[in-house]
Amino acid sequence: MKYTEIMVRYGELSTKGKNRKDFIKQLGKNVRAVLTNYGEVEVKAQRDRLHVDLNGQDDKPVIESLKQVFGIENFYPSIKIAKTMDAIKDTALQMVKEQYSAGKTFKINTRRQDKSFEYHTDQINNMLGDYILENVDGIKVDVKNPDIEIRVEVRMNGAYLSSEKIKGAGGLPVGTGGRASMMLSGGIDSPVAAYMAMKRGVKIDMIHFYSPPYTSEQALAKAKQLTSVLAKYSGGIQFIAVPFTEIQETIKEKVPEGYLMTIQRRMMMRLAAEITKNRHCTGIFNGEALGQVASQTLESMMAINDVTSMPVLRPLISMDKTDIIEISKDINTFDLSVLPFEDCCTIFTPPAPKTRPDLEKSRKFEQYIDVDGLMQRSMAGMQIFDIKPDEDYMNVNADVFAELL
Amino acid sequence: MIYFDNSATTQALPEVVDTYDQVSKKVWGNPSSLHNFGDQAFQLLEQSRKQIADLLKVHADEIYFTSGGTEGDNWVLKGTAIEKREYGKHLITTSVEHPAIHNSMEQLKQLGYEVTYLPVDDEGRINVNDLKAAIRPDTILVSIMAVNNEIGTIQPLMAAADVLKDYPKIHFHIDAVQGIGKGIQDMVMNDRVDFVTFSGHKFHAPRGTGFIYARRGRRISPLMNGGGQEKNQRSGTENVPAIASMAKALRLLLDKEKTANQTELAIKQRVSAHIANFDKVIIFSKNSDQFAPHILCFAIQGVRGETIVHAFEEHGIYISTTSACSSKKHLASSTLSAMNVPESISTSAVRISLGDQNTVAEADEFIKVFDELYTEFDKLS
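Chains as they are written, first to last, in this note's numbering: chain Y, 50 to 454; chain C, -17 to 363.
For reference, chain C alone in the conformation it holds in the complex:
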């Protein structure tokens, strides 16, 4: 089996599952309990928090655990909207965001907020001049994804940060769900950023794990109210086994980040160089450093994306239409639509997304299968 769908989810690593298992068996106290057994769980929770903070070079009190990327995105957006509603009701984001952002923004619109969606160019990238122009006195939040989940575009985060330096009161949020472990940490954790969303299952941690970074002194309203966990910011008994295993997964990820990125890039380059030779292939992900190393999005004209996915599946190769979240809804890719790619082409788009477990040999295997399938598809169209 070749698994090329790492942007959808990753396999929880055996050593990560082992931590989950051991903590579930041995340190299962409630971190809020006063007794020694609860305190042990509290210590492990805080040690996990510190490890994550150290890996990201931030303070432990700037890390808040969540259930994943969707919660993190929802929390920062709606939490800012509630917290800063007295100061303004204008929000800025891009037209290529994940549904967790897009749909939260749409919901906020219904509640009386105004949203500006920044357009993108033919590489799926915003222009910071558009950002500059969109800022108004009542703007309270700018939210930009680090790496596009469909085609891998890296957004100009440093340039956006530079623009926002002149507007210190605006919350600057980065959705880094696809950006962690891809060699752009300095860009994501830049001096101007206030909030960053992360999701555990994208880096070999169990599902239902995630965290946000929230800069000291920046406030958002909690969405989960209850027992006052996470300094009253996110109530709900902490999932200590999952959190500890996420802390471990993050360490393992960043340990091998460099070599993993090299391999991912080599696979991406080998595959894209090969498929570029075919007439009906259109490649959306470039090989420049403006694109993440792990995502390759392309279309075979005249063949529906779903057909391509299933054809590869027959050969034990797992790829995806452009995003797992929208693929079952038969929607055209929202990123490609925003790039003005005609629907006749965007419905033919598929995504290869790589992880640290993939190898260059798998690229060769993929190419072999691609050639066979292309001949078949040629007959179809």
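Excised from the complex, chain Y in its bound form:
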């Protein structure tokens, strides 16, 4: 069965009252962004539904792309046909036959927008039901729990038939929840936190600290690759690479060992806050989960958070590692995250970092370094990349190798 359009039902939007229009507009924009490679496809975001007109485009890749757009509750691939009972009967029968096997039950579910159509809802249900009972041997009706549900919509411009209901990603359209930064390390947690931030409608920029030559080109490529995987949920993400080598070297030289980690994190947080403010964003997300490592105790968080009044949001704060891993597998970031490239959080780690750093001592030890100068030089070396879905940063030799293979 070749589908002609996909009818999309909105998620939480129905509760949004006056902001509804903005949500719908943003969702339309996001859907267009993920479908940009399918030139023929037309997206119409209307008050109660969003319609994707396929215009002959293959439905499968479009369906796969739609599954990743936040703000969609579910969607129905459907077929537009002429508004005659004969055409409706034929198509409905064909749809049932494609899914029918012995013992299955069905139901017809009609809605009628065009009140001038010659039959009303119950009549259409009955006529279609009878037609299918007559033409499919052994099929039975079950209105409560049907195996096959044929949905018929008689609209002004035609009749639409569908039977497959596909679950959407839920959440809110990315962009309706404001704009924030995400501290992306490259481990398992931060990509999951980024995913959850986007799910609540937040548009994010990735901030990634890197320390060449201690961290490799591959580690940077891995962070970009993770961003590219996550970009599927929003259409595109800005990636900000912030050099961190000089800061780490200076801290290593000047600060007592037990406080290396705390001061490093304070510097990262300070830089993230500054970059976020400069870009007119209003919050910082990170992948911290309580009690996971030394820097993720309440005392540590207080000592680190001390440097900014910007909201620092931690979507994973009370999650178990196993649950985080499960999500990372679902969103296809796990395999990338576990690639063994050192990131700047794992170099210069003292053997025994303070799990309960003292706030006053943190502030005191920080005075041993030139905070402002270091920040200025780091920000001067910042690079920004526009990352699109499905770009390849890891396999830079892919083309060369393709010739060998």
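Hints were generated in silico from the structure; no laboratory data involved. None of the hints are false.
With the C-beta cut set under 8 Å, the calculated list includes, among others, these residues of chain C facing chain Y: (1) 21; (2) 25; (3) 230.
Fair warning: this is a prediction, and the values are worked out from it, not measured in the lab. Even glycine gets a Cβ: it sits at the ideal position worked out from N, Cα and C.
Given the coordinates of chain Y, assemble chain C onto it according to the supplied hints.
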């Protein structure tokens, strides 16, 4: 020279050897090394894996590289035996398998496992009712070859898969060493199959290459323990040049699969139609679609297989007694024995096995030589 012994091995193609050469020279880092040079080799390894997976329409993480068909067969059988020993010790296979399967099964028998060998009919084919009857609550594995290496019989893989759908816990393994590139990929990579063995040198890749397909979620114990390569399943530094060239060989093979099969079938049909006219010739490989297009096994009564092989060799034509693995041991064909062919006939059997490089003109040349030799043989017997 006419090379009609492609089931024994194939010539590594020049473009495949070229890949081997280039990778050996340029990308020779260890894929497990952390540095950029090692990472390059890792990337090439993974790209090769993905290419093979794409060609077979499976996931890249379902492909594990091995040293060839024998290792793959040994691994799946013994790996299953170890992994599932708590659940049962009964294994099922056929009476016409390659020694890599047969001898592994015999070894497992010594270790306390029970093996059922399914009988075959006069075409060398099992009956799925026998399979159904052989299944017991403690059965842990069913292993069936896709294409028989001696006479080319295609086993009823889909029917076997249907039977095994009712027994989802049994590992279903297919030895596809002779089956790749022979137009039966859908049958081999069917929904129910869990493990499939492949060997590179049967499709113009270097020797010592191979891989298995292992369905996601199915576990077997590793036989090679060490540095943890191949997700801890098959340790040993990966042979990246060989693997890359195998990936290329597989692409080239499947690119021309259809036309190659047509040519192979045309050669097989032409030769078998001709030799069928001679009184002392018995042909074991039928021309139906139940037989692979590339194998033709026949006997000339009263003449030993070895004599036939050497006689053709004199004319620059290379054929084989029924399998290269057993030919030097002067053993009668195990497949023909399982088909109840008397030893007096099976020792006279020879095998022509074709590849994508053979031509119909070679069939004519073969026929010409056959006629000459037959007259000679007639005097002998």
